[in-house]
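**Q** These are the residues of each chain, in order.
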Amino acid sequence: MNEQITLEGLACPMPLPHGEQIVLGHGSGGKLSRDLIAKLFLPPFDNPILRAGDDAGVVNFDLTRLAISTDSHVVAPLFFPGGDIGKLAVCGTVNDLAMLGATPRYLTAGFILEEGLEISVLERVVDSMREAAQEARVQIIAGDTKVVQRGKADSLYINTAGVGEIACDVHISGANARAGDVVILSGTMGDHGIAVLSARGDLDFEANVVSDVAPLNHLVAAMLETGARIHVLRDPTRGGVATTLNEIAQQSNIGIVLHEDALPIQPAVAAACEMLGFDPLYVANEGKLIAIVARDDAEKILRVMRAARYGENAAIIGHVSNEPRGRVLMKTSIGSTRVVDVLMGEMLPRIC
Amino acid sequence: MKYITEYRDAKLVHGVLEEIRRTVTRPWTLMEICGGQTHAIVRHGIDQLLPREVELVHGPGCPVCVTPLELIDKALAIASRPDVIFTSYGDMLRVPGSGRDLFSIRANGGDVRVVYSPLDAVKIAQQNPDKQVVFFAIGFETTAPANAMSVVQAKALGVKNFSILVSHVCVPPAMHAILSSSVNRVQGFLAAGHVNAVMGYWEYPPLAEKYHVPIVVTGFEPLDIAQGILVAVQMLEQGRVGVENAYARAVTRDGNLPAQQVIDQVFELCDRKWRGIGTIPLSGWRLRPAYAEFDAESRFDVSNIETNESPLCIAGQILQGLKKPHDCSAFGTLCTPEHPLGATMVSSEGACAAYYKYGRHMILEN
Chain A
22 MNEQITLEGL ACPMPLPHGE QIVLGHGSGG KLSRDLIAKL FLPPFDNPIL
72 RAGDDAGVVN FDLTRLAIST DSHVVAPLFF PGGDIGKLAV CGTVNDLAML
122 GATPRYLTAG FILEEGLEIS VLERVVDSMR EAAQEARVQI IAGDTKVVQR
172 GKADSLYINT AGVGEIACDV HISGANARAG DVVILSGTMG DHGIAVLSAR
222 GDLDFEANVV SDVAPLNHLV AAMLETGARI HVLRDPTRGG VATTLNEIAQ
272 QSNIGIVLHE DALPIQPAVA AACEMLGFDP LYVANEGKLI AIVARDDAEK
322 ILRVMRAARY GENAAIIGHV SNEPRGRVLM KTSIGSTRVV DVLMGEMLPR
372 IC
Chain B
9 MKYITEYRDA KLVHGVLEEI RRTVTRPWTL MEICGGQTHA IVRHGIDQLL
59 PREVELVHGP GCPVCVTPLE LIDKALAIAS RPDVIFTSYG DMLRVPGSGR
109 DLFSIRANGG DVRVVYSPLD AVKIAQQNPD KQVVFFAIGF ETTAPANAMS
159 VVQAKALGVK NFSILVSHVC VPPAMHAILS SSVNRVQGFL AAGHVNAVMG
209 YWEYPPLAEK YHVPIVVTGF EPLDIAQGIL VAVQMLEQGR VGVENAYARA
259 VTRDGNLPAQ QVIDQVFELC DRKWRGIGTI PLSGWRLRPA YAEFDAESRF
309 DVSNIETNES PLCIAGQILQ GLKKPHDCSA FGTLCTPEHP LGATMVSSEG
359 ACAAYYKYGR HMILEN
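If you read the sequences in order, they're chains A and B.
Heads up: the first sequence begins at 22 in our numbering, then just goes up one per residue.
Heads up: the second sequence begins at 9 in our numbering, then just goes up one per residue.
Next up, chain A with everything else stripped away, as it sits in the complex:
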């Protein structure tokens, strides 16, 4: 190899922007999902309630304010450590309502079943829904069932919709974060995503991690009871803590600064993420909430959260700043600063 090599000035190709076809990334909760909503769903349905962009829509009926939300659930495998699709379907909608400070009251449930699904599997899922609804103290008051040909769906999909009541003095929205506020995370990051990935088995790794799927409405009720100034509540599901915080930063037009050292994470989740090349900030949670609260009330709220079920590991993970508006920064453990962006499409394991 003694000759000098001529280095070509090569260029690279323009790929499909995935604007013409749905790819899995459109369902990842990241930027592709958000763009799909902003460009395809929002314009034809546009109204002020939808445009608010929170986890549930808020409507006024005379003196009552209602939160209304809906959520569809597809997960493989149907059963995973810590939960199953039924528990997920109830908790998902209960939590979306709770994130507006609402008390969830009623749910509906729609089932799409694949021909050939064993009745005993459906029974287990429904029993799990009953149990979750009981814990959340909501009633499932209407439902629907459709069966599709074998191969046209993957076992079982569930859609739930829910209604909750919002007390007149509660005003929580992703748009309410203010500079000086404190960002609290109710527990460890990424447990659900890693538990499901491990249970799925197609990456052939096993992590001893249990999904955090849980109804958070009682935790939220306890937080509201303190009378503390809670400005934002959001559950960081698909797309993880990073994507959810970016949404809040844009909705509220403020900046958020995280402290890497303060982020709660289980060692097993951290290890699985290291191995697969995932950043736990982007891994899904199903039983965690982000609360953005007035600085003076932070300690009070934190005490109540830590004493409540599902809030034992709550921690302050950052604060709200004026700048840079609409963006999330992180002070790293070694003292540098970097941007924390939204999840782009599908989360993929790295090669090495």
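Check before you lean on any hint, since a few could be wrong.
Here are a few chain A residues that face chain B, going by a calculated C-beta distance under 10 Å [what the hints assert, rightly or not]:
1. Asp223
2. Leu224
3. Asp282
4. Leu297
For lysine to any residue, the following SDA-like pairs were computed, each having C-alpha atoms within a straight-line distance of at most 20 Å [stated by the list, open to error]:
5. Lys218/B with Asn264/B
6. Lys173/A with Asp119/B
7. Lys365/B with Glu344/A
8. Lys139/B with Leu165/B
9. Lys321/A with Glu246/A
10. Lys173/A with Asn116/B
11. Lys10/B with Asp300/A
12. Lys163/B with Gln246/B
13. Lys352/A with Arg51/B
14. Lys139/B with Val167/B
15. Lys365/B with Gly347/A
16. Lys139/B with Asn169/B
17. Lys365/B with Leu284/A
18. Lys352/A with Ile12/B
19. Lys332/B with Gln195/B
20. Lys365/B with Glu229/B
21. Lys139/B with Leu127/B
22. Lys352/A with Glu14/B
23. Lys168/B with Asp119/B
24. Lys139/B with Arg89/B
25. Lys52/A with Gln271/A
26. Lys218/B with Val191/B
27. Lys139/B with Gln195/B
28. Lys19/B with His280/A
29. Lys131/B with Arg221/A
30. Lys365/B with Pro345/A
31. Lys10/B with Leu284/A
32. Lys131/B with Ser54/A
33. Lys10/B with Leu297/A
Label pairs and their computed distance ranges (CB to CB) [said to hold, decoys possible]:
34. Asn229/A with Arg261/B: 31 to 39 Å
35. Asp279/B with Ser141/A: 54 to 62 Å
36. Glu14/B with Ile70/A: 46 to 54 Å
37. Thr287/B with Gly201/A: 42 to 50 Å
By construction, these hints were calculated from the structure, which means they are not laboratory data.
Predicted model only: the values in this text are computed from it and were never measured.
We put the beta carbon where it would ideally sit given N, CA and C, even for glycine.
Given the structure of chain A, go ahead and fit chain B onto it with the hints provided.
**A** Just chain B, lined up with the frame of chain A:
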């Protein structure tokens, strides 16, 4: 996490950074070879903490970025076939071929699966005897042993419906290409520690001698990277040429001999085209004739592939360390991770993607 937390210890990292500051007297340009190191440097913001004199440029060590377009188009053609289950490392799905990527192949009904190890692909072949299972065997010396082992295993188990699409590349010829270029500005290398864990570093002293550069075997955690930079700066300041190992907890001079043996058993050296750089003689591996039956390129007729590159991207110059991602007029505007123009924006290890993900705000502010 043991063996990770201690190498991210802020105090220790700052101790080494302080030592770099004390040592450096003039500007030096170092290249980290490996995309994993680029990712770590930007993720932890190590470049922000270095003295102004030390500039890091990002090397061609992202296997996803340098896989040639022809091979990706061949992969897309094979993956589209109804009789094929196409398996790949995760981030190859995002890499654009001429107008399509593996995501769109999947959206159109192709059976494309992400595997963590090529041995999983062999298992899939055993479980699906009526399908052809193809693994996209890309990467540097790090992935080569496992990729080679998949073929050895398939042969031993008599798995006939398994084949691999090979696009392996080797690090030392790329270093040679960069150093011999008339526009080279790299004065020292941080060698890719994971590659050295497999291959050792016995290949490097002749390179260091020939081009009068220090080469420092470097790890991937902040403390490892800072230590690698310190050793390189010390050598440059002292005018010392040669190879040093700053990643001794994982790397020996001879490397992992059984891994090297399996590579040698299955692969032989060949000329290889690098996306963004061009053809580098004897810089890649292909299957030896004894394993030709496992070559997906001959199993499927993919010889008539026409490729089509976009003229906007400066990925080639970035991969050679001539330019930084934000030197590109398309960076962050026309070219983003969701609409990448080039491979460096596509892979999570690509320099552009790392800059975008972790540094865009700072770059715009400056």
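**Q** Please go over all the hints and tell whether each is borne out by the structure.
**A** For each hint, the structure was consulted:
no. : hint                               : in the structure
1   : Asp223                             : holds (7 Å)
2   : Leu224                             : holds (5 Å)
3   : Asp282                             : holds (8 Å)
4   : Leu297                             : holds (7 Å)
5   : Lys218/B with Asn264/B             : violated (26 Å)
6   : Lys173/A with Asp119/B             : holds (16 Å)
7   : Lys365/B with Glu344/A             : holds (18 Å)
8   : Lys139/B with Leu165/B             : holds (17 Å)
9   : Lys321/A with Glu246/A             : holds (11 Å)
10  : Lys173/A with Asn116/B             : holds (15 Å)
11  : Lys10/B with Asp300/A              : holds (18 Å)
12  : Lys163/B with Gln246/B             : violated (52 Å)
13  : Lys352/A with Arg51/B              : holds (11 Å)
14  : Lys139/B with Val167/B             : holds (11 Å)
15  : Lys365/B with Gly347/A             : holds (15 Å)
16  : Lys139/B with Asn169/B             : holds (7 Å)
17  : Lys365/B with Leu284/A             : holds (19 Å)
18  : Lys352/A with Ile12/B              : holds (19 Å)
19  : Lys332/B with Gln195/B             : holds (17 Å)
20  : Lys365/B with Glu229/B             : holds (18 Å)
21  : Lys139/B with Leu127/B             : holds (17 Å)
22  : Lys352/A with Glu14/B              : holds (18 Å)
23  : Lys168/B with Asp119/B             : holds (19 Å)
24  : Lys139/B with Arg89/B              : holds (10 Å)
25  : Lys52/A with Gln271/A              : holds (13 Å)
26  : Lys218/B with Val191/B             : holds (17 Å)
27  : Lys139/B with Gln195/B             : violated (50 Å)
28  : Lys19/B with His280/A              : holds (16 Å)
29  : Lys131/B with Arg221/A             : holds (16 Å)
30  : Lys365/B with Pro345/A             : holds (15 Å)
31  : Lys10/B with Leu284/A              : holds (18 Å)
32  : Lys131/B with Ser54/A              : violated (33 Å)
33  : Lys10/B with Leu297/A              : holds (17 Å)
34  : Asn229/A with Arg261/B: 31 to 39 Å : holds (38 Å)
35  : Asp279/B with Ser141/A: 54 to 62 Å : holds (60 Å)
36  : Glu14/B with Ile70/A: 46 to 54 Å   : holds (51 Å)
37  : Thr287/B with Gly201/A: 42 to 50 Å : violated (58 Å)
In this structure, the earlier hints numbered 5, 12, 27, 32, 37 are contradicted, and the remaining ones agree with it.
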